[in-house]
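In case you want the letters, here they are:
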Amino acid sequence: MSERITDALARFRDDFNANDRVKSLVRNWNRVIRFEADGVDAVWYMAVTDGEMRLLDGPPADGGDPVIEVATHDPEILATSFDGTGSPARAHMDGDLELYCAETDRVKLDAISLVLWGA
Amino acid sequence: MAGTDAAGSGAVGRLGGEDLFYVTSSGGIALATSCYAVLAVIIGFGSPLASVAGIAGAALLCLVAASAIGEVASAYPSSPGLNTYLAGAFGPRPAMTVFFCYLFAIVCVAGLEIHVLSGIVAHYVPAADPRLVGLGFIAFVTAFFLRGMTMPRRIQMVAASVLITVIAGLSALVLAGAAGRVPAEPAPPAEFGAVDPGTIGLIFGMSVFLFVGFEWVTPLGRSRAAYRGRIARAMRIAILVLAANYLLFVLAFSGLPVAADDSGAVLPQIAALDPIYGRAVGPVVIALAALATWTSFNVALMGGSMLLYMVAREGTLPRPLTRISAETGAPLGAIATIAGLSAAMALVVSFRDDAIVLARIASIVACGAYAALMAAVLVLRRRGYDNRHVVASRVPSAVVAAVGVAFALLGVASLASDFSMPAAVLLALILVCAFLLARRAARRPRAAGGAASPTRMTEGIRR
Numbered sequence: 001m002s003e004r005i006t007d008a009l010a011r012f013r014d015d016f017n018a019n020d021r022v023k024s025l026v027r028n029w030n031r032v033i034r035f036e037a038d039g040v041d042a043v044w045y046m047a048v049t050d051g052e053m054r055l056l057d058g059p060p061a062d063g064g065d066p067v068i069e070v071a072t073h074d075p076e077i078l079a080t081s082f083d084g085t086g087s088p089a090r091a092h093m094d095g096d097l098e099l100y101c102a103e104t105d106r107v108k109l110d111a112i113s114l115v116l117w118g119a
Numbered sequence: 001m002a003g004t005d006a007a008g009s010g011a012v013g014r015l016g017g018e019d020l021f022y023v024t025s026s027g028g029i030a031l032a033t034s035c036y037a038v039l040a041v042i043i044g045f046g047s048p049l050a051s052v053a054g055i056a057g058a059a060l061l062c063l064v065a066a067s068a069i070g071e072v073a074s075a076y077p078s079s080p081g082l083n084t085y086l087a088g089a090f091g092p093r094p095a096m097t098v099f100f101c102y103l104f105a106i107v108c109v110a111g112l113e114i115h116v117l118s119g120i121v122a123h124y125v126p127a128a129d130p131r132l133v134g135l136g137f138i139a140f141v142t143a144f145f146l147r148g149m150t151m152p153r154r155i156q157m158v159a160a161s162v163l164i165t166v167i168a169g170l171s172a173l174v175l176a177g178a179a180g181r182v183p184a185e186p187a188p189p190a191e192f193g194a195v196d197p198g199t200i201g202l203i204f205g206m207s208v209f210l211f212v213g214f215e216w217v218t219p220l221g222r223s224r225a226a227y228r229g230r231i232a233r234a235m236r237i238a239i240l241v242l243a244a245n246y247l248l249f250v251l252a253f254s255g256l257p258v259a260a261d262d263s264g265a266v267l268p269q270i271a272a273l274d275p276i277y278g279r280a281v282g283p284v285v286i287a288l289a290a291l292a293t294w295t296s297f298n299v300a301l302m303g304g305s306m307l308l309y310m311v312a313r314e315g316t317l318p319r320p321l322t323r324i325s326a327e328t329g330a331p332l333g334a335i336a337t338i339a340g341l342s343a344a345m346a347l348v349v350s351f352r353d354d355a356i357v358l359a360r361i362a363s364i365v366a367c368g369a370y371a372a373l374m375a376a377v378l379v380l381r382r383r384g385y386d387n388r389h390v391v392a393s394r395v396p397s398a399v400v401a402a403v404g405v406a407f408a409l410l411g412v413a414s415l416a417s418d419f420s421m422p423a424a425v426l427l428a429l430i431l432v433c434a435f436l437l438a439r440r441a442a443r444r445p446r447a448a449g450g451a452a453s454p455t456r457m458t459e460g461i462r463r
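Protein sequence lines, in the order shown, are assigned to chains U and Y.
If you're matching positions, the first sequence starts at 1 in the working numbering and goes up one per residue.
If you're matching positions, the second sequence starts at 1 in the working numbering and goes up one per residue.
The reader is advised that the hints may include incorrect statements.
[Stated by the list, open to error] Some chain Y residues judged to face chain U by a derived CB distance under 10 Å, without partners named: (1) A56; (2) G88; (3) D129; (4) P219; (5) Y227; (6) M306.
[To be verified] A short list of chain U residues far from chain Y (calculated; beta carbon distances all over 10 Å): (7) A10; (8) D14; (9) D15; (10) A18; (11) N28; (12) N30; (13) V32; (14) D38; (15) D41; (16) A42; (17) V43; (18) E52; (19) L55; (20) L56; (21) D57; (22) D65.
Just so you know, these hints were derived from the structure itself, not from any lab.
All C-beta atoms, glycine included, are put in the ideal place defined by N, C-alpha and C.
Next comes chain U alone, as it looks inside the complex:
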C-alpha cells in the first residue's frame, strides 16, 4: 500500500505541475503538505513552492511554510483521492479524508482537485 500511495502522490505532482490553470491557482501559495494513513508505516511530504510541487524526502525544517496535514483511517482512500480515481472532496465530506489547515486552504485544495480531476 505504501508504494501505491507514493505512486498516487507522484501522479498528483505530475498532473499538478503540468497544469497551467492549477499554477495560476497557487500563485503566492507556498505550503507543505503532510500525508499519513492509519496502518501504513510511512509519512509523505510534498512542498508547493512558487507554483511547483515536489515530493520531499522527509520533513522540512521547522519554521518554513505553513503545513497542511492530510490523514485518513483508510489507506485506500488516500491513494484514490490523489490518483484521480476518487473524489477527495467527497471523501472529506463523508469524514473519510481528514484535513488540518486553514479554512481557505481547504477551498484552495478543493479548487486544485476540481481543476485537475473535476471531482
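Assemble chain Y onto chain U, guided by the hints.
Frame of chain U; chain Y shown alone:
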C-alpha cells in the same frame, strides 16, 4: 485501526493555548449581542427563578450534548460537522434537510444580530440611521471575508476572552451597585418564582438559543490529537463559562426596573444603564456589541459559507454558489449569498416590532438539530461507528436518548408556548425550503472518481 477509547483517559492533558482557541471559538460563536436581547425577554417574564432554571437547564442539556457530539466528532475528525455526522447515521437527504434548516437559522440569527447592533448604535448616536448602520456593518464584514481574510486565531481568542470578562465585570458592577443607586423594587418573595406556566417551555427553549453554535468548533481541530477529548472538553468549558456569564447577567439585571423589549431593537438593560453610568459608557457598549457580533460572524458566517460551498460544489445547487477566489480561496458565492440573506432578514425585521421572533426560530431549529444529533449518536453507537476509531464519551446511551427527547420537546414547547403566527409561518417556510434544497443537493450526480461536468464547475473559480 478501529477501536474505542474511554474519554478522559489521560490523553487529553492539561489546558494549553490550543485549548483556549477551541474554548473561545466554541464560546465566541454562541456569545452574540442578540443573546442579550434574548436574556431581556427571559428576564421580562418576571421570574428570576424561572430564568435561572431555564438557563441552567439549557446549559445542562448542552453539556451532555457536547460530550456526545465530541464522541461523534472523534469518529469523523476535521469533517464539516453536523452534515457529516447526520449523513453517517441517516444518509444524505435527512442530513441535508437538517443542515439547510440550520443554515437558515444562522441567517435568522445574523439578521437579528445586525438589527440589535444597529439599535444599540442608534441608542447612543440618535442621528444614526439604524438601517444604514446595520447594512454598513454587514457590508464591511462581508468585504473583509470576500477578501479572503478572517479574524486571526489569536485575535479571536483575545476578543472572546475580553468580551466575557468585561460583560461579567459589568454585571458584577450592576449587581454591586444596584442596591445603592437604583430604586430597589424587589419582587415579593411569594412572587419570586411566579411565572405563567404556559411560558415555562418558551423560557427553557429560548435559553437554548444562548448556547447555539457551541458545536461549530468541531471542524476546527488543528490535529488528530485534538479530537481525542480536547474539543469535547473545550465545548463543555465554553458552555460552563457562558452559563456563568448569563446567570450573573440575569441576577444583576433582574433587580433593575426594566421591561423587556420584544423588538430586540435596543437592549432594555442598556437603557437601564443610562441613569447609573450615564451615556458616556456608550462607546464601550458599542465596541462590546460590535466585537461580539464580529466574533460570532467570524465562525458562523465563514463556517456556514464554507459548508454551503462544499455542498454546492457537488454540482446540484446553483452554480454561483461554487464561485471562489483563485487568489485567496475564499468561497465568494457562498459568502455573498449568506451575507445577502442576512442583510435582507435584518432589513425586513427593521420594519417590524417582533424581531425577537428570529431568536425563537433559531432556538426551535437548534433544538431539532441537537435532537437529531443525539439520535445520530445512538444510531452510530449501535453500528459501532462503522469500524472507525472513536473516543467514547462517558454519557450512557439512555442519557443521550433522554437529552435528545428533551431537546425535541423544548423545540415543540418553544413553538407552542405563547404561539406566534409569524414564527410558525417563518418556520414552515424554512422547513419547506430546506426539504426542497436537500432533495436537490442529495442527488449526488457525481460518482466517486467521475466528473459530472468539470468545465461547468471550474468556471466558478475567479482569478
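So, going through the hints one by one against the coordinates:
1. A56: 33 Å, violated
2. G88: Hint on G88 of chain Y: holds, closest Cβ of chain U at ~6 Å, below 10 Å.
3. D129: At 34 Å from the nearest chain U Cβ, D129 of chain Y fails the 10 Å test, so the hint is violated.
4. P219: At 8 Å from the nearest chain U Cβ, P219 of chain Y passes the 10 Å test, so the hint holds.
5. Y227: 9 Å, holds
6. M306: Because about 5 Å separates M306 of chain Y from the closest Cβ in chain U, which is inside the 10 Å limit, the hint holds.
7. A10: 18 Å, holds
8. D14: 18 Å, holds
9. D15: Given that every Cβ of chain Y is farther than 10 Å from that of D15 of chain U, nearest at about 13 Å, it holds.
10. A18: Per Cβ check, A18 of chain U is outside 10 Å of chain Y; nearest 16 Å; holds.
11. N28: Non-interface label on N28 of chain U violated, nearest chain Y Cβ at 8 Å vs cutoff 10 Å.
12. N30: 14 Å, holds
13. V32: 15 Å, holds
14. D38: D38 of chain U not clear of chain Y: closest Cβ-Cβ about 4 Å, inside 10 Å.
15. D41: About 13 Å separates D41 of chain U from the closest Cβ of chain Y, which puts it past 10 Å; holds.
16. A42: At about 15 Å from chain Y, A42 of chain U clears the 10 Å cut-off, so the statement holds.
17. V43: Non-interface label stands for V43 of chain U: nearest chain Y Cβ at 13 Å, farther than 10 Å.
18. E52: Non-interface label stands for E52 of chain U: nearest chain Y Cβ at 17 Å, farther than 10 Å.
19. L55: 22 Å, holds
20. L56: Label holds. Min Cβ-Cβ 20 Å, cutoff 10 Å.
21. D57: 23 Å, holds
22. D65: D65 of chain U is indeed farther than 10 Å from all Cβ atoms of chain Y, at 15 Å.
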